[in-house]
Amino acid sequence: MFMIVIYVYFVICLLILFYTISYITYQSHYYFREAQHVQQFVRMISDQQQLLRQGAFIDRTHRNLLCKRLKQINQLIAFEKALNQLDREDGTHAVYVKQLEPVIQELVIHYQSHDEIKRAFLANFIASYAKDKWYDPFIYQTLFSYMDDAAIYLRQNVLLAMYQQPDPKLIIKVFHYLTENNLFHHAKLIQDGLLKYPYDCEELFDALWEERETFHLSIVLGLIGFITYRSDRYKETFYHLLQEEQVDLEVQTRVMRYFKRHHDSRVEPLLVALASDRKSPLRIVAVSVLGEYPSEKVMATLKKALKDDNWYVRRNAGQSLAAMNGSAFDQVEVVTGYNRYTKEVPRYELPVEGGVDA
Amino acid sequence: MNLFMERFLEFIALFFVGYMILYTTFLFLSVLFGAIRLFEKDRRVRLRNEIKHDYYMPISILMPAYNEGVTIVDNVRRLLQLDYKLYEVIIIDDGSTDETTDLLLEAFPFQQASSPIHRVLPCNKETAIYEATIHNVKLTLIQKERGGKGDALNMGINASLYPYFVTLDADSLLQSNALEKIIQPVFADDQIIAVGGMVQLSQCVEMTDGHVRHYWIPWQPIVGMQVMEYDRSFLASRILFDQFSGNLIISGAFGLYKKDIVLAAGGYKTDTIGEDMELVMRLHSYMLHNKGSYKIRYQPEAICWSQAPRTLRDIVKQRSRWHIGLFQSLISYPEMLRRFRYKPVGFISYLYYWVFELLGPFIEVFGIFTILLSLQFNILNVPFMINLFFIYTGYGIVLSLTAFFQRVFFQGIKLKVIDIMKAILFVVLENTIFRYFLSFVRVTSFIGYKKRRNIWGSITRTTHKNGSRA
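Note that the protein sequences, when read in sequence, are chains A and B. In the numbering used here, each number is its position in the first sequence, counted from 1, plus 70. In the numbering used here, each number is its position in the second sequence, counted from 1, plus 11.
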């Protein structure tokens with residue numbers, strides 16, 4: 071019995087070994103063939119760019135040929151490599167890619183019936199080249215249909231493609247899809263993806279912010295991060311948000327960080343109140359943000375925070391005090407007075423090498 | 012007496028047949044899953060199905076060191092050139108008696124710092140802290156009283172700034188994209204609390220700027236056989252366990268952890284030898300007890316090259332430590348089977364490590380003893396045994412070679428014919444001699460193990476291949 075089992079395993083493992091070796095051999099052949107295809111595409115594209123320089127359009131037969139060949143994923147990979155090899159700075163490159171829009175329209179339909187790995191590649195291809203070139207909503211509506219049962223990689227590539235078209239509604243649609251299906255998408259991916267949006271960011275902020283309550287928390291966090299990097303127009307909105315009581319802790323934290331980057335004197339009393347609230351975990355961030363709001367009151371709050379039970383509050387308060395460039399006298403006073411906690415942090419944050427000996 | 016012995020040996024034979032069927036089935040499934048997953052991964056990467064990002068999470072690299080003067084400066088220099096936007100490197104010198112700290116102070120523009128370290132995790136006292144910033148990477152050197160590797164890592168966690176930390180052995184080389192690869196799963200799934208990287212042997216490579224320029228199989232049989240052994244272990248079983256987040260080991264040589272979870276679980280234990288495995292088991296236990304959703308991932312694309320022992324003496328020391336560490340970790344968490352027996356990590360991973368990793372060497376040595384006994388009583392079917400040995404060894408050879416070729420292909424390494432020949436030779440030696448030798452080493456590892464508690468494992472280090480730049 072045992073011998074039969076082990077013989078069966080042995081044979082199957084032998085087959086796996088042969089498969090592995092054959093696959094490795096095939097891959098070297100594949101890369102050789104791919105290099106040939108890339109060169110072929112480079113020549114074809116260069117010919118078409120020549121036509122464009124003469125003021126003509128790209129050849130219809132060329133377009134038809136692409137429609138046919140790019141339906142094979144290996145050809146699409148080679149085509150993308152060929153596009154990358156060509157000089158993007160050449161004015162005809164952008165014109166050539168723009169005129170490929172009908173090809174893309176056909177490809178998005180074709181790849182709908184393929185597995186998600188291939189769909190993700192097409193979405194990534196569109197994300198790389200769509201900017202200022204392919205606007206047709208049909209392409210993006212079809213890409214949206216790729217999201218059904220999609221793995222994170224496909225979702226991310228579809229999102230990257232969506233950020234390259236100008237209509238915020240399509241981005242909102244994807245965010246709704248992620249939220250309704252409870253699909254996790256890291257806030258940082260959302261934030262950095264949105265930062266790639268090449269069109270009117272103001273319009274996008276407003277459209278997305280209006281819908282924020284229908285989005286998953288990680289999307290809202292990403293959105294706040296995006297706004298923080300791109301706009302100081304949300305001071306009013308975020309100021310009111312900071313005053314609300316039923317706001318998620320992480321949202322509050324991000325909003326407070328917004329005010330670290332975009333100064334607004336109205337939030338100072340709010341931050342001081344948060345920094346003084348011994349029960350609120352937000353005081354860790356509040357004392358850090360207060361470093362950007364130098365005043366007598368803030369200084370006093372930060373000095374008080376140096377006696378906090380929480381090490382991170384003490385550390386951030388010390389760093390904020392040091393960042394404020396307050397008079398050395400004040401800091402030495404802090405260092406030499408109060409108790410052990412008070413002395414601990416600012417001693418090392420003073421802009422004097424080695425700190426001050428208490 | 013003979014009848015009793017005959018019955019006894021029959022029973023033993025049946026036990027062995029059952030054990031071997033289970034073990035061969037496990038190996039078979041491991042390689043099958045490994046093959047499927049690696050080919051799928053290769054396809055995904057080729058077709059851009061990965062979270063490729065310009066800027067990931069900031070990471071703290073913790074490098075505990077004890078008497079690592081031979082390699083530490085070169086390795087830190089290489090760490091400062093990784094292809095990653097924001098990270099810090101923290102070297103924790105755990106009371107070295109050689110010139111580890113002096114060499115580092117000489118090589119880098121360190122300045123003594125007096126910033127306090129927040130003691131969230133207990134660890135021995137620091138004696139000096141030095142800081143430098145090189146190529147925008149913050150480099151911290153902490154000298155502390157000797158307390159063992161776990162204690163040094165706890166100090167590193169306390170001093171770290173970022174929400175994720177990577178542990179790295181002081182003799183290890185990271186590929187330039189290793190940090191990017193090891194953090195990628197975290198972006199794909201918010202339940203991930205730890206990620207293990209793939210550890211390979213640095214004696215096989217010459218690296219330039221963090222890229223493998225040349226790869227070969229060394230002529231030294233001890234190193235060559237370990238290459239084959241590592242491939243089987245890292246590529247096969249770990250990928251299989253990864254299907255259900257069931258890996259119980261993340262090698263201390265290269266692993267990523269979510270700091271807040273590690274802090275909540277209590278950090279590294281300082282009185283154990285296998286602190287890396289113990290931590291992973293504790294994370295499992297902690298998350299299961301708290302009914303938290305979590306995943307522990309294995310990421311074979313994140314590659315670290317680490318030195319393997321070159322002498323029999325070193326390998327005996329290393330494997331003895333590993334086996335004792337395994338034993339300490341397994342007996343510390345019996346609830347994995349008692350309370351969480353319906354979880355795959357309990358009834359598959361935990362049982363696997365007990366039966367095939369911890370007790371396996373004893374069973375194998377006992378098997379050899381039984382064969383000798385059967386021969387003595389003249390009840391051994393010699394042709395059957397020879398047949399069994401050949402088919403079992405042949406099976407092991409095919410599995411190891413499959414794992415080796417898969418790994419080589421996956422890493423995009425080009426092999427010369429001579430290296431393929433060496434690989435075949437070492438696979439045969441590993442399956443016919445080395446694994447039985449290691450079984451014997453593991454069986455004897457418990458002799459005097461209490462004396463070896465809480466000490467650093469040390470093997471003879473050499474500088475990485477001359478002229479190599481990472």
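Take these hints with a grain of salt, some might be off.
What the hints assert, rightly or not - Distance condition first, Cα-Cα at most 20 Å in a straight line; then the derived DMTMM-like pairs of lysine to aspartate or glutamate:
(1) 192/B - 262/A
(2) 96/B - 262/A
(3) 149/B - 85/B
(4) 63/B - 157/A
(5) 269/B - 320/A
(6) 270/B - 200/B
(7) 302/B - 346/B
(8) 63/B - 200/B
(9) 258/A - 281/A
(10) 305/A - 338/A
(11) 349/A - 302/A
(12) 330/A - 320/A
(13) 258/A - 271/B
(14) 63/B - 262/A
(15) 269/B - 201/B
(16) 425/B - 338/A
(17) 168/A - 202/A
(18) 149/B - 99/B
(19) 52/B - 219/A
(20) 270/B - 338/A
(21) 258/A - 325/B
(22) 168/A - 157/A
(23) 188/A - 85/B
(24) 151/A - 53/B
(25) 52/B - 185/A
(26) 192/B - 253/B
To be verified - Okay, the calculated beta carbon distance ranges per label pair:
(27) 227/B - 350/A: 34 to 42 Å
(28) 69/B - 381/A: 15 to 23 Å
(29) 120/A - 422/B: 50 to 58 Å
(30) 272/B - 318/A: 18 to 26 Å
As the list claims (entries may be wrong) - Take a look, some chain A residues computed to stay more than 12 Å from chain B by CB distance:
(31) 87
(32) 89
(33) 105
(34) 112
(35) 175
(36) 185
(37) 186
(38) 191
(39) 193
(40) 208
Hints are computed from structural coordinates only; laboratory data are not their basis. Because the structure is a prediction, the values reported are computed rather than measured. Cβ coordinates follow ideal geometry from the N, Cα and C atoms, glycine included.
Status of the hints after comparison with the structure:
Restraint check: the Cα-Cα separation between residue 192/B and residue 262/A comes to about 18 Å, which is no more than 20 Å; the hinted pair holds. Between the alpha carbons of residue 96/B and residue 262/A the distance comes to roughly 14 Å, so the proposed pair stays at or under 20 Å and holds. About 17 Å separates the Cα atoms of residue 149/B and residue 85/B, which keeps this hinted pair within 20 Å; it holds. For the suggested pair residue 63/B and residue 157/A, the alpha carbons sit about 23 Å apart, so the restraint of at most 20 Å is broken.
Using a Cα cut-off of 20 Å, the hinted pair residue 269/B and residue 320/A holds, with the two alpha carbons roughly 18 Å apart. Restraint check for residue 270/B and residue 200/B: the C-alpha separation of about 16 Å stays at or below 20 Å, so the hint holds. For the hint pairing residue 302/B with residue 346/B, the CA-to-CA distance comes to about 14 Å; that is within 20 Å, so the pair holds. Only pairs whose Cα atoms come within 20 Å are accepted, and residue 63/B paired with residue 200/B is accepted, the gap being roughly 14 Å.
Straight-line distance between C-alpha atoms of residue 258/A and residue 281/A comes to about 19 Å, which keeps the hinted pair within the 20 Å bound. At most 20 Å may separate the alpha-carbon atoms for a hinted pair to count; residue 305/A and residue 338/A meet this at roughly 13 Å. Distance hint between residue 349/A and residue 302/A is unfulfilled; the C-alpha atoms sit about 30 Å from each other, more than 20 Å. Restraint check for residue 330/A and residue 320/A: satisfied, since their Cα atoms lie roughly 15 Å apart, inside the 20 Å limit.
Simply put, residue 258/A and residue 271/B have alpha-carbon atoms about 18 Å apart, close enough for the 20 Å limit, and the pair holds. Pair hint residue 63/B plus residue 262/A holds up; C-alpha atoms about 12 Å apart against a cutoff of 20 Å. Only pairs whose Cα atoms come within 20 Å are accepted, and residue 269/B paired with residue 201/B is accepted, the gap being roughly 11 Å. Distance hint between residue 425/B and residue 338/A is unfulfilled; the C-alpha atoms sit about 62 Å from each other, more than 20 Å.
The suggested pairing of residue 168/A with residue 202/A holds, with an alpha-carbon distance near 8 Å, which does not exceed 20 Å. For the given pair, residue 149/B sits about 5 Å from residue 99/B by alpha-carbon distance, which is consistent with the 20 Å threshold. At most 20 Å may separate the alpha-carbon atoms for a hinted pair to count; residue 52/B and residue 219/A meet this at roughly 19 Å. Note on residue 270/B and residue 338/A: the hinted pairing is violated, with a Cα-Cα distance of about 32 Å set against a maximum of 20 Å.
This hinted pair does not check out: residue 258/A and residue 325/B have alpha carbons roughly 45 Å apart, beyond 20 Å. Taking the CA atoms of residue 168/A and residue 157/A, the gap is about 15 Å. The hint holds against a cut of 20 Å. Annotation: proposed proximity of residue 188/A to residue 85/B is violated, straight-line Cα distance about 42 Å (limit 20 Å). Straight-line distance between C-alpha atoms of residue 151/A and residue 53/B comes to about 18 Å, which keeps the hinted pair within the 20 Å bound.
Restraint check for residue 52/B and residue 185/A: the C-alpha separation of about 14 Å stays at or below 20 Å, so the hint holds. This hinted pair checks out: residue 192/B and residue 253/B have alpha carbons roughly 16 Å apart, not beyond 20 Å. Separation of residue 227/B from residue 350/A is about 60 Å and departs from the stated range, judged on CB atoms against 34 to 42 Å. Residue 69/B and residue 381/A have their C-beta atoms about 20 Å apart, which keeps the hinted 15 to 23 Å range intact.
For residue 120/A and residue 422/B, the Cβ-Cβ distance of about 42 Å falls outside the hinted range of 50 to 58 Å, so the restraint is violated. In this structure, residue 272/B and residue 318/A meet the distance hint of 18 to 26 Å, their C-beta atoms being roughly 21 Å apart. Residue-level check failed: residue 87/A sits 4 Å from the nearest beta carbon of chain B, not beyond 12 Å. With a cut of 12 Å on Cβ distances, residue 89/A falls inside the contact zone with chain B, its closest approach being about 7 Å.
Even its closest Cβ contact with chain B, about 15 Å, leaves residue 105/A beyond 12 Å, as expected for a residue assigned away from the interface. Distance to chain B confirms residue 112/A as a non-interface residue, since its nearest Cβ pair spans about 20 Å, more than 12 Å. The claim that residue 175/A lies off the interface holds: its Cβ sits roughly 21 Å from the closest Cβ of chain B, which is beyond the 12 Å cut-off. Not every CB of chain B lies more than 12 Å from the CB of residue 185/A, the least distance being 10 Å, so the non-interface label is violated.
With a least CB separation of 8 Å from chain B, residue 186/A falls inside the 12 Å interface cut-off, contrary to its annotation. Residue placement check: residue 191/A does not keep its beta carbon more than 12 Å from all beta carbons of chain B (closest about 4 Å). The non-interface label for residue 193/A is inconsistent with chain B: the shortest C-beta to C-beta separation is roughly 9 Å, within 12 Å. Against the 12 Å criterion, residue 208/A stays outside the reach of chain B, whose nearest CB is about 23 Å from its own CB.
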